[in-house]
Amino acid sequence: MEFIKNFYEGFVFVYGCTMLFWYALLAMLSLRGIIRYQRKNSYVDHNIMVQSPLAPGISVIAPAYNEGVTIISNVRSLLTLNYPVFEVIIVNDGSTDDTLEKLINEFQLTEVVFAYNERIQSQPVKRVFKSVNTAYDKLVVIDKVNGKSKADASNAGINAAAYAYFLCTDVDSIIEKDTLLRMIKPFMDEENKKIREVGEPCPECGYVHVVEDSIRVIATGATLRLANSCEVDEGVITRVRPPRHWLPRFQEMEYIRAYVLGKMGWSLINCVPNVSGGLGLFDKEIAIKAGGYDSKSFAEDMDIVTRMCTYMIDNKLKYAVRYIPTSQCWTEGPPNLKVFSRQRTRWGRGLAEIMTIHRKVIFNPRYKRLGMVVLPYNLFFEFLAPIIEFTGILYYIYLIITNHINWPFATILLLFVYLYSVMITTLAIWWDQMTYRYYKTWKEVMGLALMAFLEPFVYHPLIVFFALRGYYFFIVGKKHTWGNMQRQGFGQKKTTAA
Amino acid sequence: MNKILLVEDDEVMPKIVERILHREEYRIDHVTNGKEAFQKLDDTGYDYDLIITDILMPYASGFEIISKVKNRKEGKPIPVIIVSNAGNEDMVLEGFKLGADDFLKKPVMPGELLIRVKRLLMQYK
Amino acid sequence: MNVLPVFFTSVLYNLRYAPLIIQIACVFIFIAVTCTITAYLSILIGRYKGHRHEKKLAKLHPLIDQLLLDNVLMNEALIHEDAEEIPVAADAFHQPVFRKRWARQALIDRLIHYRNNVSGIMGEQLRNLYIQLELDKESLKKMKSRKWDKKVQAMAELTSMNMSIADVTILPLTNSRNRELRAAARHAYIKLSKNEPFKFFDLATEPLLLWDQVELFRIISTTEKIAIPNFAQWITYSSNKSIISFCLKLVVHYNQISAVPAVEKLLDTRDHYLRADAINCLGKMQIAEVEDKLIRMYNSQPLNCQIEILKLMGRVSSGKHVDFLRQEFLHSTDFDLRKNAAKSLIKNQWAAKNLITELVDTATAENKRILKHCMNPLIKF
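Residue numbers (my numbering), protein chains in the order written: chain Y, 1339 to 1836; chain W, 9 to 133; chain F, 1099 to 1479.
You may find that some hints are simply not true.
Said to hold, decoys possible - Incomplete in silico selection of chain F near chain W, CB under 7 Å: (1) Asp1163; (2) Gln1164; (3) Asn1169; (4) Ile1210; (5) Tyr1212; (6) Asn1215; (7) Val1216; (8) Ser1217; (9) Gly1218; (10) Met1220.
In case anyone wonders, no lab produced these hints; they're calculated from the structure. We put the beta carbon where it would ideally sit given N, CA and C, even for glycine.
With the hints as constraints, model all of the structure from the sequences given.
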């Protein structure tokens, strides 16, 4: 018994220290990344791209399910993105409301015969629409049989996409005007472009075959925020405000920490674990070769990135997944506990699933960073964290009951962990404010930053509980029934949970 | 007095255009995005002699404005000039396909803009 | 009143004998608190500064605009087309506010903003003002800064004002280890150098990134007095593949027929990415003479080149090879090949009317869909 106790205490100690160390490291890395990004982009005129005939084309893919109320203004907002060459593919995922009719009437759509190439399997596509008005010739609307998941709809969109890159988003998210300009840039200025010759000249054609031996950026992501209390006018954000209600406000804080501090830091060492489903720009070729989204997955966004990375490594190709620190997308977060619990339980389950599906990659030195850093980190500090925390609390209770606790020391340690987590969150908000002065008044920023002091008591226990519930559902294999609301805040994933 | 609607989301451009097109000869109404443009057009009953528009703007693109103006059945036809920094050939062609009368790339030459405006106004007289 | 000191001494006393972990924890508590407070202060100070700067700018911009409109952007100049040397009334700008550095910077930025929108005589007037107010000295001062981003900013300002920079200052920077600086220096060199703007095409060993190409392309295509060289020299002799592929794009842009033989030679390169680029270039230039050669090559090519060859036949639209396209359309197993063959067939419609109707009538369901897709003018791709 004593041995187990010592072992457990030792393990938790090492675990805790490593975790805190990682957060500090990430904070440092992301600061570097942000400063570098700011210096690089302070003078860059992204509008050069708008003028350039060399801009690569992008397909914007947005699945829609029963979005009749807002569909028109959201599609309009997508159609007016600031970018020279793009198309907008709206995938009507078997809506039961008037989403499709509204689109047809507003944009003068007509059914066309479309050479749809099903490279990734999805539920059947029924019809494809284009507008007879050339002013809307960027728009493609796909009507498909409901596949019960965003992943399935996205796959259909990818199959229909014409360009080499695709932006995956939700039709109810609001995307900032310059998003495509900013997010395509990492694809274009990754250094070390090289071509490598492989083997002897081919006997058939006499050519020596070559492969690209450069770092290929396969995906980029950007910061997401919550739109819950922002003022929106016909799909355009006119005033950014932190959510008024406490629950979304905690989420906004968590998002800032996860993106600005977490993913930005990971991006610098090319270890980004995930590009959120709310907004991500992908290299289409690699995404298709990796098999597209998994429609059965509970964390399809993390899954596809992991599979794309594995594909690259399996084929001995160098790759990178990058993040930019500026906020480009505002999404409606779960406004109440019921929806929130459903979302987080789903995430918990998704994470458990990822860890099982990709277990062969974890600790596999062949997979380099992915196998030795990205997935192990997620295993220990994302997946196991709620479990360890939970057992930790039980242990504490046991100590208290058996009166083995050294109160002053325990208080100091708790205080330390508490203040440390507050510091990390506050730093994240600081870094975020460096990229751009979000919110109108300093009071709003303070209102958000001060939530960090409450988080460990209110928000964090909720997250731990829902994650554990997700794991439980994963183990017992409970069928998840999707409500209509599952689309709310669908698919973003956290990276840090202090 | 010719009435011109200028749709442009850049803050400096309208000032330049107003400078180039003399106040005594032209009355310029300036709006900053597609939504305002439609509003203005509806409010005035399309009472303009010329429209100068950018392409990439919030709410509604310049293409939509052209399409709406050119597909109007009633009333007198209104000439449209695109003034944009878009260098993509497809975009320029698309504009012409929709019925734009002219295309000027930013930065514009003041003399050129003036002459083209005059010419179009003459043609549509 | 001495409760606190007593408390602290007792804490310190206890701590000295506390386990190491607790001591470390205490240190970190201190660090955490400091960091948090610093963060709060920095956020507040940063916001305040930003807010004040914005307010000042909001006041200054209308002033600049008014001064520019009243004194510089003279409409009368448009009537006298020869008015290149119109003196600019810079005196109005001799106001106390423009002695401040931030205001001068704001003025530079605003002038550039104007110049992005207007060229010709007004553009010249803006440039004259920039010189007369000695704002170029401001930019040159930044050139000497030790920070690379300042240098980049300076070069951006000087290039958009079309000011010359001495080769001695700029040439060393074109080989800088810092990529951003290197790129900016090259762009400036191309724009401003009088002798051989394209010199670095010969020297660059490391690849031109796509983003650099976008910037270079803009500079080359917007600089008015630049002498466009024959790009064939680099297409033939450069060992830097990204430069070759960039030159191919320039050849298309300038429709440089004289470079076509060099591009044709590229069809034998080993690098199939480059080969595809070359075919793409020939297609966009509508060179019909290469079609036969490409058809002979076709079967030994990787997919990306095959697609480019099919596209070329559509672009050239010579009507000579509809049978080849039909063959590919009917018998290829790859979807993209069939689609591109169909698209090119449609583009050769004038020579293949009967063939297309026949194909539509007899093709399999999928092929028919592909054909209909390509025939629909509403679908671009």
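Quick rundown of the hints versus the structure:
no., hint, verdict
1, Asp1163, "holds (6 Å)"
2, Gln1164, "violated (9 Å)"
3, Asn1169, "violated (12 Å)"
4, Ile1210, "violated (10 Å)"
5, Tyr1212, "holds (6 Å)"
6, Asn1215, "holds (5 Å)"
7, Val1216, "holds (5 Å)"
8, Ser1217, "holds (4 Å)"
9, Gly1218, "holds (4 Å)"
10, Met1220, "holds (5 Å)"
Checked against the numbered hints given earlier, this structure breaks hints 2, 3 and 4; the rest are met.
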